[in-house]
Amino acid sequence: MSKVRFLFLIWALIGGLLATMTFAVMVGSVDLTPSLIWEVLLQKLGFVSEAEAAASKPQSVIIWEIRFPRIILAAIVGAALSISGAAIQALVKNSIADPYILGVSSGASVGATSVILLGAFGALGVYALSFAAFLGAILSVSIVFFLARVNGRTSVIRLLLAGIAVSMVLSAITNFILMMSKQQGGIQAVMHWMLGSLAGAKWSNLGIPFFTLLLVFILLFSHYRQLNALLLGEETAATLGISLDGFRIFIILFVSLLTGVVVAVSGSIGFVGLIVPHIVRMMVGSNYKLVLPVSALIGAIFLVWADLVARTVISPEEMPIGIITAICGSPFFIWMLRRRRYSFGDGE
Amino acid sequence: MLQVKNVSLSILDKHILHNLTFSIDQGKFVGIIGPNGSGKSTMLKIIYRHLKQTSGLVTLDEKDLSHFAQKKLAQELAVVTQETPVLFDFTVGEMVMMGRTPYKKWLANDNEDDFAIVEDSMRLANVQHLKNRPFSLLSGGEKKRVMLARALAQQANILILDEPTNHLDIEHQYQLMDLVKRLPITIVAALHDLNLAAGYCDELLVMMDGELYLEGTPEQVLTEETLKEVFHMQAGISRNPFTKKLHLFYHTER
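Note that the protein sequences, when read in sequence, are chains A and B. Throughout the first sequence, residue numbering follows our numbering, covering 1086 to 1433 in sequence. Throughout the second sequence, residue numbering follows our numbering, covering 129 to 382 in sequence.
It should be emphasised that the hints constitute simulated quantities derived from the structure, not laboratory data. Each hint should be verified, as a subset may be incorrect.
Unchecked claim - Across the chosen pairs, the derived CB separations fall in these ranges:
| id | chain 1 | residue 1 | chain 2 | residue 2 | range |
| --- | --- | --- | --- | --- | --- |
| 1 | B | S183 | A | S1307 | 54 to 64 angstroms |
| 2 | B | W234 | A | A1250 | 18 to 28 angstroms |
| 3 | B | Q303 | A | C1413 | 43 to 53 angstroms |
| 4 | B | E211 | A | R1243 | 53 to 63 angstroms |
| 5 | B | K191 | A | N1236 | 24 to 34 angstroms |
| 6 | A | N1236 | B | W234 | 43 to 53 angstroms |
| 7 | B | Q303 | A | F1093 | 53 to 63 angstroms |
| 8 | A | I1412 | B | S194 | 24 to 34 angstroms |
| 9 | B | K191 | A | Y1212 | 50 to 60 angstroms |
| 10 | A | F1108 | B | K259 | 54 to 64 angstroms |
| 11 | A | R1238 | B | D141 | 48 to 58 angstroms |
| 12 | B | K142 | A | N1236 | 41 to 51 angstroms |
Unchecked claim - If you want the ones that stay clear, here's a sample from chain B, every Cβ over 12 angstroms from chain A, calculated:
| id | residue |
| --- | --- |
| 13 | I144 |
| 14 | L296 |
| 15 | Y302 |
| 16 | R310 |
| 17 | E352 |
| 18 | T380 |
Cβ atoms here follow ideal geometry from the backbone N, Cα and C, with glycine treated the same way.
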């Protein structure tokens, strides 16, 4: 892919993301026009004074306090899961991996379930859920990591197997808590959480996910050469000067941090982290210099659309977004699997 | 100078390599020959630090190899390995550019020099016409040449080749050997074809059962006796009438 075509693609995707976000703000129980939305945005940023504004107070509240944060969160979560998926796939050199393979979501589920059903961390109030989910995610990844470490080296296959084993145990704990619970509403709340939702978005809880995404994206992007080398296998990566062990720890640490933060605010939204890197590799090849930025943008666009569908399809009820991502994602994924000219890495 | 001193390797009490000692001078083309399972690849893997010896020492210019930072080692030593793993989709140009990885600092972009080096390396390895092709769709021989181009782009002082002529047709076997021979750097190659080894190498190391059986020039090493003892082959030894290099004629008793 030439530089010009790549830049064109990036700008087209940025345009697509802005258009998608504008459209997503327009759609809902109260319909809004694009000009109104941009006006409110400019007004909030201080470019237009409140007196000149055409938007009524309630319209402005809906746009600014309800829809904007949610749509921005959708974009952040989509981008974060996609780049995490891409990085994890390079780490294990296998394209069936997703960001949850190291136990992030099962750990977070235990945390969330114990808050929702057992009232753990009650002292933290509204932050208890996010805090417990993040804590669960990080604890679970740490256990997986230390199980996979033998004689001071991290083996990829042990990492995968430890991830599966720990996830199973943690899912069993979640299910046990669910089984023992007598509160119907609580169980439904847990289900909702596990399938993911962006309904909790507020300006005040966007900061941490945004800056974590920014940090991890910059770190991964600045190591695109090392990620590329990993795809060639351990032996080749080492002969190209990559210190494998240190770099693996680096990826595990920052990807877990990012997925942990994201899962804490949105629940474990499945499929995005698996499928977006595939779509991107089909478009631009495997070079992570292109894969990472394109993944971030396509993941963001995809999740804004998925959230739009989730909140409108059975309105006034909300569909968990995980159901939408799986229903939209799977057929596409199957179509892609059937294409001949696409390289999946190991196991072909 | 690359020195291997008393290197042994055992895996699960099985001796793979036993007390190997040899040294390779700067600029020499050294071939490692020996039957299957004699430890050629294993020896090379120890030199490029993919395996760690159980005892003994490998030094590069008098410095212990295990003290080199990974990046520094990759600037000194480039490797073309035997198998080509199944890959994600990279173009040939991207693959060769990866040879520049050990020279890139954090956030550094590919610059004019890198592109020039990559072009040169591709031309030397005769793959520049494949530049925009996906690596995964190349033939085995083309892949090997691309891997060689990547190793050349590393601009190392030592090039390690593990059976480089595998999968290559006869033209490309000789083309590759000619190309490698012309490089002003140290070459260490595990070779199966003894006539290629005789035609191109300055020195040969003969390995058998994890031990160094013999070392010396092709003339010193490739004798009827060595062939019989190490390879269990009858051979007549003569010269190639065109290159005047040693040439072996094999025969079995039938």
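Going through the hints against the structure:
| no. | hint | result |
| --- | --- | --- |
| 1 | S183(B) <-> S1307(A): 54 to 64 angstroms | violated (40 angstroms) |
| 2 | W234(B) <-> A1250(A): 18 to 28 angstroms | violated (36 angstroms) |
| 3 | Q303(B) <-> C1413(A): 43 to 53 angstroms | holds (51 angstroms) |
| 4 | E211(B) <-> R1243(A): 53 to 63 angstroms | violated (22 angstroms) |
| 5 | K191(B) <-> N1236(A): 24 to 34 angstroms | holds (25 angstroms) |
| 6 | N1236(A) <-> W234(B): 43 to 53 angstroms | violated (29 angstroms) |
| 7 | Q303(B) <-> F1093(A): 53 to 63 angstroms | violated (39 angstroms) |
| 8 | I1412(A) <-> S194(B): 24 to 34 angstroms | violated (54 angstroms) |
| 9 | K191(B) <-> Y1212(A): 50 to 60 angstroms | holds (54 angstroms) |
| 10 | F1108(A) <-> K259(B): 54 to 64 angstroms | violated (41 angstroms) |
| 11 | R1238(A) <-> D141(B): 48 to 58 angstroms | violated (21 angstroms) |
| 12 | K142(B) <-> N1236(A): 41 to 51 angstroms | violated (19 angstroms) |
| 13 | I144 | holds (17 angstroms) |
| 14 | L296 | holds (19 angstroms) |
| 15 | Y302 | holds (26 angstroms) |
| 16 | R310 | holds (22 angstroms) |
| 17 | E352 | holds (37 angstroms) |
| 18 | T380 | holds (37 angstroms) |
Of the hints listed earlier, those the structure fails to meet are numbers 1, 2, 4, 6, 7, 8, 10, 11, 12, in rising order.
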